[in-house]
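*Asks:* Sequence:
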Amino acid sequence: MSIGRLQRQLSPLARFVLEYAGILFCVITASILYYLTSSISCPATKSAEHCDSLEFWLWVILLEIAINLYCFHHFSSNNCVSFWQRVSCVADLCRHSDEIEDFVRYEGEEQNSCTPDAKFCVDCNRRAPIRSHHCYMCNICVLRKDHHCFITGACVGLGNQRYFIVFNFWSMIGAGLCSWYILDYLNFAVMPWYPFGWAHFIAPVAVVKWVLGKEFLLNALICVAFSFGVASCVASMAFFAIQVFYTCHGYTMYEYHSLGIREEFDGDGRTINERFRLVFGPWWTLNFLVPCPWIHQRLTPEIANNLFRVRSKLL
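Going letter by letter, the sequence shown gives residues 1 to 315 in the UniProt record's numbering.
For the record, the hints were derived by calculation from the structure and aren't laboratory data. Note that CB positions come from ideal geometry on N, CA and C, so glycine has one too. Among these hints, one or two may not hold up.
Said to hold, decoys possible - With beta-carbon atoms standing in for the labels, derived distance ranges:
(1) Gly213 with Leu286: 51 to 59 Å
(2) Leu221 with Pro192: 16 to 24 Å
(3) Ala241 with Asn78: 18 to 26 Å
(4) His296 with Glu49: 38 to 46 Å
(5) Ser47 with Leu13: 18 to 26 Å
(6) Val208 with Ala14: 56 to 64 Å
(7) Tyr70 with Trp180: 23 to 31 Å
(8) Leu63 with Gly22: 15 to 23 Å
(9) Thr285 with Ala14: 35 to 43 Å
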């Protein structure tokens, strides 16, 4: 059974769990790391002034993570191909196309048939650009789809990729900072981490020691949280790095590893600046300080033609 067919047969409850379980995991993990860092780890090892300053920055990081996660989920509907056809910046670029057929027409057009060399989405019952992919979880054709993220509960596409990248950036900083302070506490309360004490901080080892009566329950739970914090930091760092890598090359993760797509389509944008403006909009560095939904992404005529082409240049 294919993944798409399996996803179509999921019950509403299963879809709800898949959509929101990851978000719930993020909220719980962030809350636990914040509490352990601000209420246990820092007071036991640092001065009160230091802890006050740390708590302020923890709130800043939590706010950045929460807002970008909300924006990522809220603007996931903007991944739909028809949305990009309606926005004025794309409509104005139609005149730059060599043929109007290079663009997909969704509004006010009958889609009852399709030419043999055009991509047709059976689920949406309409033509679609070659670089769009139907997501059975989101139930839309996602333009420039990177992947469906079950942790954040939506597809990473052209409409919300910038929030995903910034979310991972601040998650990496937050999880790394909390893990550092928790490690400092474990080094003080349990045993020195060097040279081999760090092995006792790994979650399975700490739980086994607690079961055998060789460790306090609180310390074992802190070790479990520390392991989750380190894993979250590493995972966020990896996703942030690969997203920046693929953005610099003008492709998504799926497209970069698809030889057919890379042969048929050039990377979006001629320069790295154009590629970042496509994802983040102008003044793209501001997105890392505060979400900027009012700053619209910039599509050059070449990028628009690349995105909305319904025919392969090799055909």
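*Asks:* All hints, please: hold or fail.
*Replies:* Status of the hints after comparison with the structure:
Checked against the hint of 51 to 59 Å, the C-beta distance between Gly213 and Leu286 comes to roughly 54 Å, which is consistent with it. At roughly 20 Å, the beta carbons of Leu221 and Pro192 sit within the given window of 16 to 24 Å. Between Ala241 and Asn78 the beta carbons are some 25 Å apart, a value that agrees with the proposed interval 18 to 26 Å. Separated by about 43 Å at the C-beta atoms, His296 and Glu49 satisfy the suggested range of 38 to 46 Å.
Taken as a hint, the range 18 to 26 Å is violated for the pair Ser47 and Leu13, whose Cβ atoms sit roughly 50 Å apart. For the pair Val208 and Ala14, the beta carbons lie near 34 Å from each other, so the given range of 56 to 64 Å is not met. Checked against the hint of 23 to 31 Å, the pair Tyr70 and Trp180 passes, with Cβ atoms roughly 27 Å apart. Against the hinted window of 15 to 23 Å, the Cβ-Cβ separation of Leu63 and Gly22 comes to about 20 Å, which satisfies the hint.
For the pair Thr285 and Ala14, the supplied restraint of 35 to 43 Å holds, since their beta-carbon distance comes to about 40 Å.
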